[in-house]
Structure formats: structure tokens, C-alpha cells
Amino acid sequence: MNGDVASNQSRSSEFIVSAQKHKIQKIKQKAGEAILLLIASFVAIVVFFIFWFVARDAVPFFRLRGFAEFFTSADWYPADDPPKFGSLAIIYGSLMVTLGSALIAVPMGVIASICLSDILPFSVRQYVKPVIEMLAAIPSVAYGFFALVVFAPLLQNNGGPILMWTWWVIAAPFFLLAVIVASELLTTSIAKESMKKSAKMALNIVLSLLAILFLYVVGNHLQGLVIMSGTNALNVSIILSFMALPTIVSVSEDALQAVGRELREGSYALGATRAETIVKTILPAASSGILAAVILGIMRALGETMVVWMASGNSSSIPVPFYNYLDSVRTLTATIAGDMGEADQVTGSARFHVLFAMGLLLLIVSFVSNLISERIVVRQRKILSGQ
Amino acid sequence: MNLGTRKLLDHSFTALGFGSIIIMGLALLVVLFPIATKGVGAFVFKGTIEHRKLLLSEFHRGDPKEIVKEETETNRYRQKVFDMLAAFDQELDQMDYEQQSKYRSSYDQVKTSLRTLLGPLPGDSEPALTRFQYGQTRWDKAEEKLHGLLYEQKWDYSNPDVIAKPYDVSRAAGFAGTSLVKLFPYVEENLDKMMMPEWTFYWGFFTESSLDAHFFGGIWPEIQGTIFLAIGAMLFAFPLGVIAAIYFTEYARDGFLTSMLRSANSTLAGVPSIVFGLFGLAFFINTLHVSESKSVLAGSLTLAIMILPTIIRAAEEAILAVPKTYKEASLGLGSTKWNTIVTVILPAALPGILTGGVISLGRAAGETAPIIFTAAVSVGAAIGLGDVLTSPTPALSWNIYNLASEHEAAAEIRHVQYGMVLALVTVVLLLNLSAVILRARISKKLKG
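Protein chains in written order, with my numbering: chain A, 2 to 388; chain B, 791 to 1238.
The set of hints was computed from the structure by calculation and includes no laboratory data. Even for Gly, the Cβ is constructed at its ideal location relative to N, Cα and C. Errors might be hidden in some of the hints.
Where chain A lies over chain B, by a calculated footprint (3+ residues, C-beta under 8 Å) [as the list claims (entries may be wrong)]: (1) 925-939; (2) 1066-1080.
Derived contacts from chain A toward chain B, CB cut-off under 7 Å, selection only [unchecked claim]: (3) Ile105; (4) Met109; (5) Pro140; (6) Leu155; (7) Leu362; (8) Ile373.
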């Protein structure tokens, strides 16, 4: 006991410090903080360096060849004499696979995130989240390998039937629903109950026959499609969409969670069903956050290298017709990865610098979209916390 | 709309939600299933006598006496094939020129098929490449090659509207009336006696170097390269990331500087991976000259920059999740801010920080694009720990691409590619699994 008191006393005597010691301590603290700041700002320095060094190697290309050829010509013959560096087809390829993957991933991702945040009970959610995390964790080269070795041959040999079945499975329920809703809406103005019923019946039959005819015609056309090569824009778009999904799901789920209970409860209290609550109340409230999620997901698809390099076919021409997803394409990322070896890393050759020009283009696009999505998230947070 | 339709729409909406989640789960299964099943085939397969001969002479493993015994046994059955060939050779000599030329090219094809199946025929000179010194080491491959011996593949161009379809033509029919006809049914019936397939667990796949451009041997150099690169990246990124996270959570005041730094962090997280590769090439190799050309060091630095934002974010979250009371208690006892951080906050946040670290480790191991220009080579032996500063290394991710897309006989070594993908995916998913478990334990602990 006594010893404790004694040590306490000696320690308390340490606290009585001179002004000078206090000052030194203050300075030490400031210096420590400065070092921490320096290390924390390392990230900013790195970002600056990335811009600087990629731009430094990109500028010689534009100085040598100008801007017009790069952005407007589709002739990509870097190895010819004289070489041609028209990258329009490559930029178009990047946009095409990104759009294709967004068309699949955005609706699916948003619906899945709604399901996670509003529909599934917590106990099930616990098992779904790891699935999404695993989808995000699988290395891109493994996806690329799958796309090249498993999916491409499948698509090439059985592409028509696969497309037809996918069309039926996805479109048939939608059309069925549309028929029921349409006949309901079209007969609301009929006053007499018995007439209403028979009119509805007749409409149901007519519309479903029409729908089946349409489904059949489109399905037949899809089945007849000949897929010359399984390594094409469609293959890549599908695989990329599954790589972009985890980003979209997790970010938009955060946005949906941020919409408080009050809005949901208010909507339910007014008699809305769950679907109506989600579509008419929650989605508009979370729309900006979901937009940010979509931008981030799209960037993931645009910046992906290995899948497109392995499975897009790498043909540097614009597909004919321009919306033909069964044609091979080539993207910016795949060109950078694939051509660097042949450019021989000779600093000074336009062939080397054009790849940096492409990198700079990707970098600027990703930077701008990141800023936009960040702004959106910040604004949404402000609005929601302000309410 | 009446209530019934509204309810129907509500239910279909729910079904849509379930549907999209089920599709995601199915996609995961569809991707992982072939990788898992065929990947296991890389090291668990029916190995033939050729496999055991190869192991003995190239890696000095196996029981020499047993193998010699097996070899004499198989040679007994193979001898009959060789005898048939010799008999046909004589028959061919006695034919006139026209008949000879009729059989010649087809006969050469048969011989080539037999060589790929059984190894060099008697009288052949010793081939230079290892892949021609042995027959098929795997029974599944041997059966494939047997089909190639029995049937010749031809293409049907009759319908110009569709892609040409392949069809099989029996080779035996081409040799009707000669002594060689008997060879085909004989090989078909006795192939298992000529090859002696046995279920093999080839653990050397993970511990041995490859032979002859991955035709034989294992993937150890790639595994080791991946480990070096991932751990090297962590060595740089982990301390930096944790310190930056401490600054952001404990010291940073709201202001222009902080918001700019945060912006920089999310920008870095969004940079396409191939651009990191370009930057690594332009900065670490061409400007700083950290090494002559590609090296593990340059690759690790590039990967470190790539995973830095993830580590910072995870560490920030982990530090913020530490209850405020911990900090207040420590400060109340008179400890300094720095002391509180080091002795109270960091230990409490450590599992969360480690979770982020483990996930980043997996990401660094799996990424390909940043190491293409900075660290990866297609073929090479395992490098020593002393060489990491100067020499490049093969790595799983890069070699999967390389073997699948650029190898001269990519279709012949699918099993190796699958094995590599399985190894990589397993490592990454195990790391992620441990992160999930770690996180579940933390949330339990924090809930009390």
C-alpha cells in the first residue's frame, strides 16, 4: 500500500513540469503529427505522380501525331510502315462492352440490393453477403480463364439455343405480368361488372396470344443466330457484368439503408404494398446513391483488363452493324496490356507512347467519374441528415 | 388497379429480387464448379506408366525396381504393336510406288499418333524436347489420343450456310486388306495394359518446377512468385495504410486538406489496374530505376500502391468501430494521445485492421494487370529470396493468362491451367473466408 502511494507521489511530481519542458512536449507532438500528415498525404502524392508520369509519357504521342487521328480514325495499324494509330474502334470497343455489362449488371444489381436491404430477413442476408463478396474476390484472371476456356466454346457451339432459352426464361414472366396488368388497366373504365369480367377475359386471351407470338418470333430469330466466334463482346459483357455486380450491390445497398425507417413506415401506413413503397418512395430517395453505385460499377467494367484481353477476340475494328454484340472487339485496357510487349518499351517511339495516351484517357475518365460519384454521395448524405 | 393485381405485382417484385440474387449465386457456382472439378484433376488423376517413368528420371522419385518391372510388363504388350509396324514396313516395301504413296501419309499419321501415345517408337532418335521423350502421362489424355489414332477428323463443308462440322473417319478402313488393320483393335483393347493407369495423387504439382514449358512438372515457381509479390506489397502498404488511417481518424480536422486527401484516396481506389501497370513501368522502372528491368521489387511496389486505399479504408473503419469509452478511459488515466492510440485503440482495432489486410493480400495475389510490365515473366525457375530486388518472377495470375492464351499448345495443357486457377482461387477465397470469420468474431465481441 505504502509503496503504491509513494510511487503515485513520485509520478505526480513528474507532472509538475517546467514551461520549457512543456514547450518541448508540444513541439514533439506537433512534429509527430506532421510526420503522420506526411505519411497520410502519401496517397495524394501517389495520385499526383500517377497522373504526372502517365501524362509525361502520353504527351510525346500527341506531340508526334496530334489529336485528330487518335480520336477519329478507326485504322489501328501500329506495326505498319507508316504506322496508323486510329483508336476510335478501340475506344468504341471499350464503350460497347461497358455498356453491355451495365445493361445486365445495373438492373440486376439494383434489384438485388433492394432485395438485400428490404426483402430478405437478416438471417438469410448473412449467407447472401459472402456470396457477393466471393464474386468480388475471385481474381479477374480466373474470370478471364472461365470466359475463354468454358464460356466461349459453349457460346460458339450452342449460342443460338442458349440465347433463345435465356430470352424465354427472362421475357416470358414479364410479358405474362404485362398482359395481366394491361388488361386490368384497359377495362377499368367499364362500369358493368359482368361486362368487365368478360372483356378482361377476352383481352387476356388476345394479348397473351400476341405476346406468345412475339416471344416465339424473337426466340426463333435468336436460335437461328450463327456465332462465328465465342470470344466476342457478348461473352465479355456477361462476365464483366458479374464482376461489376458486387460493387453496385454493396454501394447501392448502403444508399438504401441510409433512407430511414420513417419514410418506409409512412408509405406502409398510407396503404402501399412493399413493391409500391420501394419503387415510389425509397428508390427516389436513394436515387443519387444508386447513381453513384452505378458509376462505380461501370468504372469497374471499363477498367477491367484480363477478361477483355482473354475473351473479347481483340479485333480492332468496329463491329458490323455497330450494335452487333456477337462480333469480336478490342478495348483500351486489352490494347495496353497486349501491345506493350511488342512496343519493345522503346521510349520515344509513337507505338510506346500511344499506349500511355490510352492509359491517360482511362485515368481521366475514372478520375472524373470518381469525383462525380463522390459528390453525389456527399450530397445525398447531407440531404438525408438534414431532414 | 384492384387489390389482387397490386398484390400480384408485389409478389412478382419479390420474386424478381429473389431471382436476381439466385442468379448471382448460380453464377458463382457456374464459375467455381469447372475450376474446382477440373482443377483437382491437375493433381489427382490416373497416371500411366509414362508418368512414373518421368518422375523417376526427371525428379528421381518412385521405386526404380517396381517401375522397371512395370515397364517390362507394358513393353510386352507394346512389342506386338511394334511388330505389327515392322511387318507393315516390310509389306510397304514390297508394294509398287502408287500403292506406297496411297498409304504413306496416312501411315505417317498413325506413327505420329502412336508416338504421342506411347513415346518414341523403336528406331527413333532421341527427341530433344521432353514432351516427345514420353508418351501420355495421364490416362484421360491417353484415351483422347487413342481416339485420334483410331479416327481421322475431317470437316464437313457441304452446307455453305453453317460453320463446317467435324466428323470422324475410321483409320482402320483406310488400311483395309493390309496387315496394319489388326493394329487398331489391338491398341484399343490393350491400351490399359500398355499404359497401366493407376490413380495418382501428384503432390509434386504444387512443389516442383515445371518441365518443358509446363508440359510436365508442377507450378511451384508460380506459387512462390505470387507469395513474394503479395507479401512484398503488404510490407509496403500495410504500415503506410495503418498510419494514414490513424491520421485520418484521430488527427485530421475537417477542412480542405483532409477532404482533398480523402478524395485522393477514393481516386486511387478507382484507377484501372492496367494504369497501375503503366505507372509502375514509367515510374519505378524507367524513372527511379529500382531495378534493371522487371523485378519482384517493382511489382510489389506497384501492387502496394494499388491495395493502399483498401487498407486505409478498412483500418479507418476498424479504428472508428472501437468504442469511444476505451479512448476516454485511457485519456482520463492521464495517458497521452499517442500512447492511447498505440496501447489502447490499435490493439482493440487490430482484428478489424487485419481483416482489411487479409483481403488486400488476396487482391494483391490475384491481380494480373499491374505486374505484366513490372514483375512477371512467362517461363522461369523459382527465384531465391536474395534475387527479389533484381529479378522478375513467374506468378500464378500471369501464367494462367500466358498458358491459356499464348502457349504454343494451350489445349494440350488445360489441366495445368485449371490447376493453376484452382490454386489461385483457393488461396484468394481462403484469405477472404478467414477475413469473414475474423469479422464475425469481432462483431460478436463488440456486441458483448
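The hints, checked one at a time:
1. 925-939: Per the Cβ count (0), the hint is violated.
2. 1066-1080: Holds, because 9 residues of the region 1066-1080 of chain B bring their Cβ atoms closer than 8 Å to Cβ atoms of chain A.
3. Ile105: Violated, because the Cβ-Cβ distance from Ile105(A) to chain B comes to roughly 10 Å (cut-off 7 Å).
4. Met109: Nearest chain B Cβ about 5 Å off; hint holds.
5. Pro140: holds, 3 Å
6. Leu155: violated, 10 Å
7. Leu362: violated, 10 Å
8. Ile373: violated, 11 Å
In this structure, the earlier hints numbered 1, 3, 6, 7 and 8 are contradicted, and the remaining ones agree with it.
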